[in-house]
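Peer 1: In case you want the letters, here they are:
2 protein chains.
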Amino acid sequence: MEVSNQVTRLPDGVFPAGCPSRVVLDHVTSKWGVLVLVALSEGTHRWGELRRRAEGVSEKMLAQTLKTLERDGLVHREAHPVIPPHVDYRLTEMGQGLAALLVPLVAWVFDHADAIVGENT
Amino acid sequence: MEVSNQVTRLPDGVFPAGCPSRVVLDHVTSKWGVLVLVALSEGTHRWGELRRRAEGVSEKMLAQTLKTLERDGLVHREAHPVIPPHVDYRLTEMGQGLAALLVPLVAWVFDHADAIVGENT
Numbered sequence: 011m012e013v014s015n016q017v018t019r020l021p022d023g024v025f026p027a028g029c030p031s032r033v034v035l036d037h038v039t040s041k042w043g044v045l046v047l048v049a050l051s052e053g054t055h056r057w058g059e060l061r062r063r064a065e066g067v068s069e070k071m072l073a074q075t076l077k078t079l080e081r082d083g084l085v086h087r088e089a090h091p092v093i094p095p096h097v098d099y100r101l102t103e104m105g106q107g108l109a110a111l112l113v114p115l116v117a118w119v120f121d122h123a124d125a126i127v128g129e130n131t
Numbered sequence: 011m012e013v014s015n016q017v018t019r020l021p022d023g024v025f026p027a028g029c030p031s032r033v034v035l036d037h038v039t040s041k042w043g044v045l046v047l048v049a050l051s052e053g054t055h056r057w058g059e060l061r062r063r064a065e066g067v068s069e070k071m072l073a074q075t076l077k078t079l080e081r082d083g084l085v086h087r088e089a090h091p092v093i094p095p096h097v098d099y100r101l102t103e104m105g106q107g108l109a110a111l112l113v114p115l116v117a118w119v120f121d122h123a124d125a126i127v128g129e130n131t
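Top to bottom, those sequences are chains B and D.
The first sequence maps to residues 11 to 131 in my numbering.
The second sequence maps to residues 11 to 131 in my numbering.
These aren't lab readings, by the way, just hints derived from the structure by calculation.
All values reported here derive from a predicted model rather than from experimental measurement.
Beta carbons are placed, not taken as given, at the ideal position from N, Cα and C, and that holds for glycine.
Don't take each hint at face value.
Once the Cα atoms are required to be at most 25 angstroms apart in a straight line, the calculated PhoX-like pairs of lysine-lysine come out as [said to hold, decoys possible]:
hint, chain 1, residue 1, chain 2, residue 2
1, B, Lys70, D, Lys41
2, B, Lys77, D, Lys41
3, B, Lys41, D, Lys77
4, D, Lys41, B, Lys41
5, B, Lys70, B, Lys41
What follows is a set of in silico ranges between Cβ atoms, one per label pair, in the way DEER data are often shown [to be verified]:
hint, chain 1, residue 1, chain 2, residue 2, range
6, D, Glu59, B, Pro95, 51 to 57 angstroms
7, B, Glu88, D, Arg100, 43 to 49 angstroms
8, B, Pro95, D, Ser68, 41 to 47 angstroms
9, B, Pro91, D, Arg100, 52 to 58 angstroms
10, B, Arg100, D, Ala89, 48 to 54 angstroms
11, B, Ala125, D, His90, 27 to 33 angstroms
12, D, Glu59, B, Ala89, 46 to 52 angstroms
13, B, Glu88, D, Arg81, 41 to 47 angstroms
14, B, Gly128, D, Asp121, 34 to 40 angstroms
15, D, Arg87, B, Ala125, 18 to 24 angstroms
16, D, Asp124, B, Pro95, 34 to 40 angstroms
17, B, Asp98, D, His86, 42 to 48 angstroms
18, B, Asp98, D, Ser68, 37 to 43 angstroms
Could you build all of it, start to finish, from the sequences and the hints given here?
Peer 2: Given below as structure tokens:
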């Protein structure tokens, strides 16, 4: 199958265990990582808004997910020095590049999920 | 951020827990699901070849992953009636549509993984 996007070829088709790309792939395709990145693709969000979007995420898992994505340089966290405290999250430029590829994927899943789950029943 | 692909808008930005799309999203973004789908995007593969591509996958996890993707209608399994037994896996048409979105994502991760992991150290 031909993919028309301008992308680097995958190195000889093998996904070597223990290489950085596997670590990063796990982060960005994690259950909550995907949902957080897609939610932030629409713009800056506060913590509570992210919790609402990724329905079912626990406080602990959301904190862990955001911390990982922040450490990866994909999400920027900004704490505003106001009372009550106010913390914003947004995508970095690199995060935006990634989200541009994730959003169509998630939209595809939304479009096809009913048909797919229908096949299972 | 604007995404130029022609995709259905996500429903009001919320990812409801327990809806089919969340189940399917978990399947297609699972650790081994991604690697198997991307490997099959290049064509038909046999079991052993898939194990080699997704380095580190156990027999059990590969079997489980392929079974899930087959039940989802994304992968087609074909057993040839020969001796010794010979089983092929390939993407269905729907699986190809999905893989066309997954391949650029994985390629992006390959391109950026070193920079990202570098930020962590």
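Peer 1: Hints the structure violates: just list their numbers, smallest first.
Peer 2: Those not satisfied: there are none.
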